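If you're matching them up, the sequences are chains F and S in order. As numbered in my numbering, residues 1 to 71 make up the first sequence, in order. As numbered in my numbering, residues 1 to 200 make up the second sequence, in order.
It should be emphasised that the hints constitute simulated quantities derived from the structure, not laboratory data. Remember, it's a predicted structure, so these values are computed and weren't measured experimentally. Warning: the hint list may mix true and false statements.
Calculated lysine-lysine pairs in the DSS-like style (CA-CA distance at most 27 Å, straight line) [unchecked claim]: (1) S:Lys113 to F:Lys46; (2) F:Lys34 to S:Lys163; (3) S:Lys163 to F:Lys46; (4) F:Lys34 to S:Lys69; (5) S:Lys171 to F:Lys46; (6) S:Lys113 to S:Lys127; (7) F:Lys38 to S:Lys69; (8) S:Lys85 to F:Lys46; (9) S:Lys181 to S:Lys127; (10) S:Lys113 to S:Lys85; (11) S:Lys69 to S:Lys41.
Sample of chain S residues lacking proximity to chain F, with all beta carbon distances greater than 12 Å (derived) [to be verified]: (12) Glu47; (13) Pro63; (14) Leu82; (15) Leu102; (16) Gly104; (17) Leu198.
Yeah, the Cβ is synthetic: ideal placement off N, Cα and C, and Gly gets one too.
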Amino acid sequence: MASAGGAAPFWRAAGMTYITYTNICANLVRNCLKEPFKAEAMSREKVHFSLSKWVDGKPEKPTIRSEGSEH
Amino acid sequence: MFRRATTLLRQPLMGATSRRFSTDLPAAPVEDSTFVEAWKKVSPNVEAPKTPLAYMKPRPATPTSLPSKLTVNFVLPYASELSAKEVDMVIVPATTGQMGVLPGHVATIAELKPGVLSVHEGNDVTKYFISSGFAFIHANSVADIIAVEAVPVDRIDANLVQKGLQEFTQKLNSATTDLEKAEAQIGVDVHSALNSALTG
Numbered sequence: 001m002a003s004a005g006g007a008a009p010f011w012r013a014a015g016m017t018y019i020t021y022t023n024i025c026a027n028l029v030r031n032c033l034k035e036p037f038k039a040e041a042m043s044r045e046k047v048h049f050s051l052s053k054w055v056d057g058k059p060e061k062p063t064i065r066s067e068g069s070e071h
Numbered sequence: 001m002f003r004r005a006t007t008l009l010r011q012p013l014m015g016a017t018s019r020r021f022s023t024d025l026p027a028a029p030v031e032d033s034t035f036v037e038a039w040k041k042v043s044p045n046v047e048a049p050k051t052p053l054a055y056m057k058p059r060p061a062t063p064t065s066l067p068s069k070l071t072v073n074f075v076l077p078y079a080s081e082l083s084a085k086e087v088d089m090v091i092v093p094a095t096t097g098q099m100g101v102l103p104g105h106v107a108t109i110a111e112l113k114p115g116v117l118s119v120h121e122g123n124d125v126t127k128y129f130i131s132s133g134f135a136f137i138h139a140n141s142v143a144d145i146i147a148v149e150a151v152p153v154d155r156i157d158a159n160l161v162q163k164g165l166q167e168f169t170q171k172l173n174s175a176t177t178d179l180e181k182a183e184a185q186i187g188v189d190v191h192s193a194l195n196s197a198l199t200g
């Protein structure tokens, strides 16, 4: 919480949202775990979603994004 | 911790009317009394249906005297680490520094930075490393701590932390765009916090 009025945290100033920041932090922490816990944690990182743009009220072909981590 | 001291000094101490004490809040009502009365006027023979308010667990009352224990709810997106656990104190890694929370703490919302959360119960101390999150402390001595990732400190691998720290320090030096610099800075912050969690 910035006590100096408008001073934003460095990641906000660089154009990153809080969610992006907190997901990066979580991924970095997961990468530093000891072995059996790391494997369990890796499964938590996976995101799987299908994205489709809408044009003129109709959805275009959806793209499926299935990634292991933020990037 | 003394952030609010200046705002409090600015307000004249006029008495209970101008400042809300934590003693003012009673327990949240279990049923909507105005609804029930209106119902009874219209159809006194039929029992009033329950509203959603009746199904919710009421918010615990804010006691007039200091409670002896702090109730902690520590949750993660995939699990509830601590659920309504009564403890003596928790120390949360707020962005403004390590903040100790005792029963009767003033209501606070704190953003957390990567660091160690320690839960003190009698003589036991349990430490978790939190990736980042928020801590909401309510006037009735209930603390809600939320984080995306939290691990007991003994699950952290020291070698990986060192490697990560070197890698991100290098990235920070060679970063060009603002975004790259920010990412590298986050990496350095998280790994240094992990390092101090392991050594401290």
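Now the hints, each set against the structure:
1. S:Lys113 to F:Lys46: 23 Å, holds
2. F:Lys34 to S:Lys163: 14 Å, holds
3. S:Lys163 to F:Lys46: Given that 27 Å is the threshold and the Cα spacing comes to 23 Å, the pair holds.
4. F:Lys34 to S:Lys69: 34 Å, violated
5. S:Lys171 to F:Lys46: 25 Å, holds
6. S:Lys113 to S:Lys127: With Cα atoms ~15 Å apart, lysine 113 of chain S and lysine 127 of chain S stay inside 27 Å; holds.
7. F:Lys38 to S:Lys69: 35 Å, violated
8. S:Lys85 to F:Lys46: 31 Å, violated
9. S:Lys181 to S:Lys127: Since the Cα atoms of lysine 181 of chain S and lysine 127 of chain S sit roughly 31 Å apart, the hinted pair is violated (cutoff 27 Å).
10. S:Lys113 to S:Lys85: 23 Å, holds
11. S:Lys69 to S:Lys41: With a Cα-Cα distance of about 44 Å, the restraint between lysine 69 of chain S and lysine 41 of chain S is violated, given a limit of 27 Å.
12. Glu47: Non-interface label on glutamate 47 of chain S holds, nearest chain F Cβ at 46 Å vs cutoff 12 Å.
13. Pro63: It holds; proline 63 of chain S is separated from chain F by about 27 Å at its closest Cβ, greater than 12 Å.
14. Leu82: Holds, because the least Cβ-Cβ distance between leucine 82 of chain S and chain F comes to about 19 Å, which exceeds 12 Å.
15. Leu102: Nearest chain F Cβ is 20 Å from leucine 102 of chain S, so the label holds.
16. Gly104: Given that every Cβ of chain F is farther than 12 Å from that of glycine 104 of chain S, nearest at about 21 Å, it holds.
17. Leu198: Leucine 198 of chain S is in fact no farther than 12 Å from some Cβ atom of chain F, at 10 Å.
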